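Peer 1: Position chains B and C against the provided structure of chain A, taking the given hints into account.
Line by line, the protein sequences are chains A, B and C. Numbered according to UniProt numbering, the first sequence spans residues 1 to 335. Numbered according to UniProt numbering, the second sequence spans residues 1 to 335. Numbered according to UniProt numbering, the third sequence spans residues 1 to 335.
Rather than coming from a laboratory, the hints here were simulated on the basis of the structure. Incorrect hints may appear among the rest.
Identical copies carry no separate label here, and so any pair may be met within one copy or between two of them.
Think about it this way: if two alpha-carbon atoms lie no more than 30 Å apart in a straight line, the pair counts; the simulated DSSO-like pairs of lysine-lysine are [claimed, not checked]: (1) K113 with K164; (2) K135 with K4; (3) K164 with K135; (4) K107 with K4; (5) K135 with K46; (6) K46 with K113; (7) K4 with K113; (8) K46 with K4; (9) K235 with K46; (10) K164 with K107; (11) K113 with K235; (12) K164 with K235; (13) K113 with K135; (14) K4 with K164; (15) K107 with K135.
Given the structure is predicted, the values throughout are model-derived calculations rather than measurements.
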Amino acid sequence: MRLKFPLMAIVLEIAMIVLFALFVEYEMDQTTPQQVNITTSTDMGKFLELYPLFQDVHVMIFVGFGFLMTFLKKYGFSSVGINLLIAALGLQWGTVVQGILHSQGQKITIGIKNMINADFSTATVLISFGAVLGKTSPTQMLIMTIIEIAVFAGNEYLVGEIFKASDIGASMTIHAFGAYFGLAVAGILYRSALRRGHKNEESTYYSDLFAMIGTLFLWMFWPSFNSAIAEPGDKQSRAIVNTYFSLVACVVTAFAFSSLVERRGKLNMPLFTTKLGIHDTCGVHNLHGLPGVVGGLAGIAAVALGASNTSVAMQAAALCSSIGTAVVGGLITGT
Amino acid sequence: MRLKFPLMAIVLEIAMIVLFALFVEYEMDQTTPQQVNITTSTDMGKFLELYPLFQDVHVMIFVGFGFLMTFLKKYGFSSVGINLLIAALGLQWGTVVQGILHSQGQKITIGIKNMINADFSTATVLISFGAVLGKTSPTQMLIMTIIEIAVFAGNEYLVGEIFKASDIGASMTIHAFGAYFGLAVAGILYRSALRRGHKNEESTYYSDLFAMIGTLFLWMFWPSFNSAIAEPGDKQSRAIVNTYFSLVACVVTAFAFSSLVERRGKLNMPLFTTKLGIHDTCGVHNLHGLPGVVGGLAGIAAVALGASNTSVAMQAAALCSSIGTAVVGGLITGT
Amino acid sequence: MRLKFPLMAIVLEIAMIVLFALFVEYEMDQTTPQQVNITTSTDMGKFLELYPLFQDVHVMIFVGFGFLMTFLKKYGFSSVGINLLIAALGLQWGTVVQGILHSQGQKITIGIKNMINADFSTATVLISFGAVLGKTSPTQMLIMTIIEIAVFAGNEYLVGEIFKASDIGASMTIHAFGAYFGLAVAGILYRSALRRGHKNEESTYYSDLFAMIGTLFLWMFWPSFNSAIAEPGDKQSRAIVNTYFSLVACVVTAFAFSSLVERRGKLNMPLFTTKLGIHDTCGVHNLHGLPGVVGGLAGIAAVALGASNTSVAMQAAALCSSIGTAVVGGLITGT
Numbered sequence: 001m002r003l004k005f006p007l008m009a010i011v012l013e014i015a016m017i018v019l020f021a022l023f024v025e026y027e028m029d030q031t032t033p034q035q036v037n038i039t040t041s042t043d044m045g046k047f048l049e050l051y052p053l054f055q056d057v058h059v060m061i062f063v064g065f066g067f068l069m070t071f072l073k074k075y076g077f078s079s080v081g082i083n084l085l086i087a088a089l090g091l092q093w094g095t096v097v098q099g100i101l102h103s104q105g106q107k108i109t110i111g112i113k114n115m116i117n118a119d120f121s122t123a124t125v126l127i128s129f130g131a132v133l134g135k136t137s138p139t140q141m142l143i144m145t146i147i148e149i150a151v152f153a154g155n156e157y158l159v160g161e162i163f164k165a166s167d168i169g170a171s172m173t174i175h176a177f178g179a180y181f182g183l184a185v186a187g188i189l190y191r192s193a194l195r196r197g198h199k200n201e202e203s204t205y206y207s208d209l210f211a212m213i214g215t216l217f218l219w220m221f222w223p224s225f226n227s228a229i230a231e232p233g234d235k236q237s238r239a240i241v242n243t244y245f246s247l248v249a250c251v252v253t254a255f256a257f258s259s260l261v262e263r264r265g266k267l268n269m270p271l272f273t274t275k276l277g278i279h280d281t282c283g284v285h286n287l288h289g290l291p292g293v294v295g296g297l298a299g300i301a302a303v304a305l306g307a308s309n310t311s312v313a314m315q316a317a318a319l320c321s322s323i324g325t326a327v328v329g330g331l332i333t334g335t
Numbered sequence: 001m002r003l004k005f006p007l008m009a010i011v012l013e014i015a016m017i018v019l020f021a022l023f024v025e026y027e028m029d030q031t032t033p034q035q036v037n038i039t040t041s042t043d044m045g046k047f048l049e050l051y052p053l054f055q056d057v058h059v060m061i062f063v064g065f066g067f068l069m070t071f072l073k074k075y076g077f078s079s080v081g082i083n084l085l086i087a088a089l090g091l092q093w094g095t096v097v098q099g100i101l102h103s104q105g106q107k108i109t110i111g112i113k114n115m116i117n118a119d120f121s122t123a124t125v126l127i128s129f130g131a132v133l134g135k136t137s138p139t140q141m142l143i144m145t146i147i148e149i150a151v152f153a154g155n156e157y158l159v160g161e162i163f164k165a166s167d168i169g170a171s172m173t174i175h176a177f178g179a180y181f182g183l184a185v186a187g188i189l190y191r192s193a194l195r196r197g198h199k200n201e202e203s204t205y206y207s208d209l210f211a212m213i214g215t216l217f218l219w220m221f222w223p224s225f226n227s228a229i230a231e232p233g234d235k236q237s238r239a240i241v242n243t244y245f246s247l248v249a250c251v252v253t254a255f256a257f258s259s260l261v262e263r264r265g266k267l268n269m270p271l272f273t274t275k276l277g278i279h280d281t282c283g284v285h286n287l288h289g290l291p292g293v294v295g296g297l298a299g300i301a302a303v304a305l306g307a308s309n310t311s312v313a314m315q316a317a318a319l320c321s322s323i324g325t326a327v328v329g330g331l332i333t334g335t
Numbered sequence: 001m002r003l004k005f006p007l008m009a010i011v012l013e014i015a016m017i018v019l020f021a022l023f024v025e026y027e028m029d030q031t032t033p034q035q036v037n038i039t040t041s042t043d044m045g046k047f048l049e050l051y052p053l054f055q056d057v058h059v060m061i062f063v064g065f066g067f068l069m070t071f072l073k074k075y076g077f078s079s080v081g082i083n084l085l086i087a088a089l090g091l092q093w094g095t096v097v098q099g100i101l102h103s104q105g106q107k108i109t110i111g112i113k114n115m116i117n118a119d120f121s122t123a124t125v126l127i128s129f130g131a132v133l134g135k136t137s138p139t140q141m142l143i144m145t146i147i148e149i150a151v152f153a154g155n156e157y158l159v160g161e162i163f164k165a166s167d168i169g170a171s172m173t174i175h176a177f178g179a180y181f182g183l184a185v186a187g188i189l190y191r192s193a194l195r196r197g198h199k200n201e202e203s204t205y206y207s208d209l210f211a212m213i214g215t216l217f218l219w220m221f222w223p224s225f226n227s228a229i230a231e232p233g234d235k236q237s238r239a240i241v242n243t244y245f246s247l248v249a250c251v252v253t254a255f256a257f258s259s260l261v262e263r264r265g266k267l268n269m270p271l272f273t274t275k276l277g278i279h280d281t282c283g284v285h286n287l288h289g290l291p292g293v294v295g296g297l298a299g300i301a302a303v304a305l306g307a308s309n310t311s312v313a314m315q316a317a318a319l320c321s322s323i324g325t326a327v328v329g330g331l332i333t334g335t
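The following block holds chain A by itself, in its conformation from the complex:
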């Protein structure tokens, strides 16, 4: 029984190495020397240019998501550790699956964009992890990582390549997908004994401070997340500016509504546990699911209005999103 986890982990890692040996190449490997050189010089310039954005996303994945979940007083250490394990496996698997789908029979050439996309695919599992934290074993998490990233890559290929839908900020393919996948798994694992919460579902003063480290790094580097794979130049800097101002507008309104909803008027990090018969440890429904859906709708609205100044539209959308989330969350919590 205690051999199950190490054996599965080693078998999966050997499988990854075999897959890399079969399918993966450097961006540099020259099959047609003269032609490739041109692409190369541009791509290599881009490598170091996008590398700081990649590292921001990387910090979000490992420090951001890792410490976000330390608020549970008994699961702090294991949440950071399992977050690291999931992400490390997911990065390799995401590189392979996404690469196979997008390379159309050719070898996968690894560059900075693949590395950023691999981080994105991992983000999906880490969002879902928030819904099942403390209810799953490391072995179950390995299986969930393999399945969810395969489904995510397929879904993202469908949305982006077949339907040609634009979803740069990935509000649908990453946030909504990750949140509802996690809630589905939590629904399956649901035991009625958890209806009134679990005694370990508590936070302490210091665990909250550790969670703030995660929250802040996720929050600060979100502009990098939303812009890392955008078209260079104009669109990329707009993605940065828009995300930046949406985030700050969100903070002010979130504090306002948190204080309004909270009985004693105190400031609290809003974390409304939904009671839909599904036990959602980290509140991913409110954190990623609803804003993901609202983000999608806001995008449609912004395009419909032909918004010349999307920054303002985004700030307004963020305001609405916060209000919507707070009201829905508040209503659900109230009952």
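Peer 2: Frame of chain A; chains B and C shown alone:
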């Protein structure tokens, strides 16, 4: 009563959105297509080039200042939270006020430099926050943020544009200004009952470690802070090199003097509480006020000496600054 | 007696300032104006291009190494503090010693590469610090910093310039050197009373979480460490890609073997204390010494096999390295 904070926060956020809609444009909006395109291609290259420096400053504002103030055992969580609130509001307000002053009647075009400058304006309030931490309500902090940033932007415009004074490291406009503004507010809020300190003004082992996270991120990214808006090329890299070597020289001398002043010869983070009849929670007088003034004087001295090698001058200045701060701080503490 | 540390620190800092005044110049100082300008424009472009990688390495040195050693419940705060002191002194001394060796009688011109190399020289002392943590005074650490960096710079000059050996990842000159230097010092300081461990050699729940902050920042930014001074373009991005995939492969196998070795099958951060008659507080033998030697051997093997795809070779090497470390560590611990 408990509606005061949420209502004020929402009203301020709506005001920000209205101000953005009225005054703010993207750096890209083409009024005179052919002319702007040239500026644009250069500016966009600069956007991604300066973006890592912006993110360093951003980490200083949210993680640096946020965790710096967690050393107070009872205010750790709320200091991180209110730091986030102040900065999020301040960023928007700073963008608008600084933009209006510098754009001379035109629309404000948002680029990476505006975002860095908005972070700077926020830094002023966060320095002042150090002097009043634990003595003010969130509502009072919202008011202080609005007033102080308006005064800061006016003062900086006066110093930089009217007096044409060079103050790249911002030792006067940010550090000295922020420190003495905060002390002035603390002086107004001062209650004689606080003369002997407050029982909550204590730190614990873990709260000190959290404060070290803030301290280190502030310390490491200071070269980015001092160079982010410097002229590209020569001057920018000199600002980085000078700040870097000044900082390391400061650490060695600070440890030496801390050990000398401390009774039992132990190493301690120096935090001398001034007793000028003003209760200065975070010791901003010594952290920002004195070094700000000394930094200004050192700058004058360096220019006067026609220093060809300012790096050495800065290391020497840092040494003097530490000695000065320690001696003055020690004398004040001694009485 | 209590004057020993402050006096030594101040004397060392004054010595550094004198050495800088005598030997150091800006990269910009124009001796032959027209010729230098060309170099300058390229070098200055590189300054800002490599600056994000430098900051990643800087975070590894101060947050990474600093918090890595907070797991000891009684030495958390002093380990972060002394880490800061050592690094601040070491950076200045490393700049001077490396500069003198490489500049061949000319003045040392300070650029971004010198700053990165100074961080590297400091890493050596911080690795050694892990072996003697809690057994040395700050004064002893100042002396060790001065001696070890001088020996390191000499050794690195010998390996790189005289023997012309390629060691970009620095598995030998930094990791193996730092580990065995530290163990040698620990061997000298060894007292037989420590044979059964020390009562302060314990960790607590929160100290482990703080140590995870250090571990994660070291782990995430390792690609920057390995690539920062590589040749630009092709080689630099390969160094990033290889380190990245080696690191994720390492995590999965490390978790697997940790769970296998651990009695109750639980996941633990592996830290096998060697029992060679030397008391190795932080397990640097396993963390840096063995992997450093294995990394060297793996490099030789990879070159021998003419590996066209070193990424796979590195993943495989990482797998072997983990297995080797776990098996050797396990055997030693078992006895």
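Peer 1: Each hint: holds or not?
Peer 2: Hint by hint, here is what the structure shows:
1. In this assembly of identical chains, the alpha carbons of K113 and K164 lie at most 30 Å apart only when taken from the same copy (19 Å versus 35 Å across copies).
2. With identical chains, the CA atoms of K135 and K4 are at most 30 Å apart within one copy only, with a shortest distance of 18 Å there and 41 Å across copies.
3. Taking identical chains as interchangeable, the C-alpha atoms of K164 and K135 are never at most 30 Å apart, the minima being 37 Å within one chain and 55 Å between chains.
4. Within a single copy, K107 and K4 get their C-alpha atoms no closer than 33 Å, and across copies no closer than 61 Å, so neither meets the 30 Å cut-off.
5. Taking the shortest Cα distances, K135 and K46 never come within 30 Å of each other, neither inside one copy (42 Å) nor across copies (47 Å).
6. Proximity of K46 to K113 under the C-alpha cut-off of 30 Å is found in both arrangements, the shortest distances being 9 Å within a copy and 21 Å between copies.
7. Neither within a single protomer nor between protomers do K4 and K113 lie at most 30 Å apart by alpha-carbon distance, with minima of 35 Å and 47 Å respectively.
8. Taking the shortest Cα distances, K46 and K4 never come within 30 Å of each other, neither inside one copy (43 Å) nor across copies (50 Å).
9. When the C-alpha separation of K235 and K46 is checked against a cutoff of 30 Å, the pair qualifies both within a copy, at 16 Å, and between copies, at 14 Å.
10. For a Cα distance limit of 30 Å, the shortest separation of K164 from K107 inside one copy, 24 Å, qualifies, whereas the shortest one across copies, 36 Å, does not.
11. In the homo-oligomer, the alpha carbons of K113 and K235 lie at most 30 Å apart both inside one protomer (16 Å) and across protomers (17 Å), since each shortest distance falls under that limit.
12. In this assembly of identical chains, K164 and K235 lie within 30 Å of each other by CA distance solely inside one copy; the values are 18 Å within and 36 Å between copies.
13. Proximity of K113 and K135 under a CA criterion of 30 Å is satisfied in neither setting, with 34 Å inside one chain copy and 47 Å between copies.
14. Within a single copy, K4 and K164 get their C-alpha atoms no closer than 42 Å, and across copies no closer than 47 Å, so neither meets the 30 Å cut-off.
15. Taking CA atoms no more than 30 Å apart as the test, K107 paired with K135 passes in neither setting, with 39 Å inside one copy and 54 Å between copies.
Hints 3, 4, 5, 7, 8, 13, 14 and 15 from the earlier list are contradicted by this structure; the remaining hints agree with it.
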